[in-house]
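These are the residues of each chain, in order.
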Amino acid sequence: MIAAEQKLQLDLSWALDAVEGDRDLLKEVVADVMTETPFQLKELEASCRAADGAQIARTAHTLKGSVGILGRGRAWELAGIIEQMGYSGQAEEACQALHRLIYELEQLKGFFAKPHWEQYV
Amino acid sequence: MGNKILVIEDNAAFRKILNIRLKSAGYETIMAEDGLSGLTMARKEAPDLVITDLMLPGIDGHKISRMLKFDQRYQHIPVIMLTSRDLEEDAEIAKQCRADAFIVKTTKAQIILDVIERLLAQAQARAVPLELTE
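Sequences listed follow chains Y and R, in order.
Here the first sequence is numbered in this note's numbering, starting from 30 and rising by one per residue.
Here the second sequence is numbered in this note's numbering, starting from 0 and rising by one per residue.
Any given hint could turn out to be false.
[As the list claims (entries may be wrong)] DSS-like mimics (lysine-lysine), calculated; alpha carbons at most 30 angstroms apart, straight line:
1) K94/R - K138/Y
2) K71/Y - K62/R
3) K15/R - K71/Y
4) K107/R - K56/Y
5) K138/Y - K62/R
6) K22/R - K56/Y
7) K94/R - K15/R
8) K94/R - K56/Y
9) K143/Y - K68/R
10) K56/Y - K3/R
11) K143/Y - K62/R
12) K3/R - K22/R
13) K56/Y - K138/Y
By construction, these hints were calculated from the structure, which means they are not laboratory data.
Model, not experiment: these values are computed from the prediction.
Bound conformation, chain Y alone (with noise of 0.2 angstroms):
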């Protein structure tokens, strides 16, 4: 395991599954979930400045589902946190884990985006 997995606490074995071994689907599905997070941070965003729990508990729920395909790590588990924050109505503090999750979500994007990353999984 390369340092880059070790901080990001990747774990691509679910997907890899899932794909029955294929890398080239891998990458096709990773691509996918790496496409749809922004949009789904951007909804997340608006949800959090709007301070509505529902939304917030909906819109984090959805990108945990995301991110969830590529392992339980930390931008998963900051998900579920901010998930469960909307549900209690505490926007101000899921707002707040967002800056938290904005960054792992970074450390992905930095990850997926170099060449041959399913070399190291």
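Using the hints, position chain R against chain Y.
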């Protein structure tokens, strides 16, 4: 062509994974990205089984299951509810909506395929054969 499975899932990556695995297992697939179009497809396309995400834009998975299972025309169609929330409460509601199975999304694909196979076999066994008269 194998049994027809309708997948209602708003997450594109997850939808792709399911599509790949189902097709590779010999099933015909149809896909919907939100609850309303999923429900419309379920009623129009008469799938042999429905896999629906729980949280969907528009109509959620609970409602989809309820609307199919409480309608005599569609109640024979097995419904699998998929979720990334592993909550007992969701499983309980899924039961109340008469979903046939409740599965967490990160369950191994082969286990999901085994559940599908079992539910399809059960549904076929339950189907009443036509009475033929001379």
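Now the hints, each set against the structure:
1. K94/R - K138/Y: Violated, at about 39 angstroms.
2. K71/Y - K62/R: Given pair K71/Y, K62/R holds - Cα atoms ~27 angstroms apart, limit 30 angstroms.
3. K15/R - K71/Y: holds (23 angstroms)
4. K107/R - K56/Y: It holds: about 19 angstroms lies between the C-alpha atoms, which stays within 30 angstroms.
5. K138/Y - K62/R: violated (35 angstroms)
6. K22/R - K56/Y: holds (19 angstroms)
7. K94/R - K15/R: holds (27 angstroms)
8. K94/R - K56/Y: With Cα atoms ~36 angstroms apart, K94/R and K56/Y exceed 30 angstroms; violated.
9. K143/Y - K68/R: violated (47 angstroms)
10. K56/Y - K3/R: Since the Cα atoms of K56/Y and K3/R sit roughly 27 angstroms apart, the hinted pair holds (cutoff 30 angstroms).
11. K143/Y - K62/R: violated (42 angstroms)
12. K3/R - K22/R: Cα-Cα ~10 angstroms, so holds.
13. K56/Y - K138/Y: holds (13 angstroms)
When each numbered hint is compared with the structure, violations occur for hints 1, 5, 8, 9, 11.
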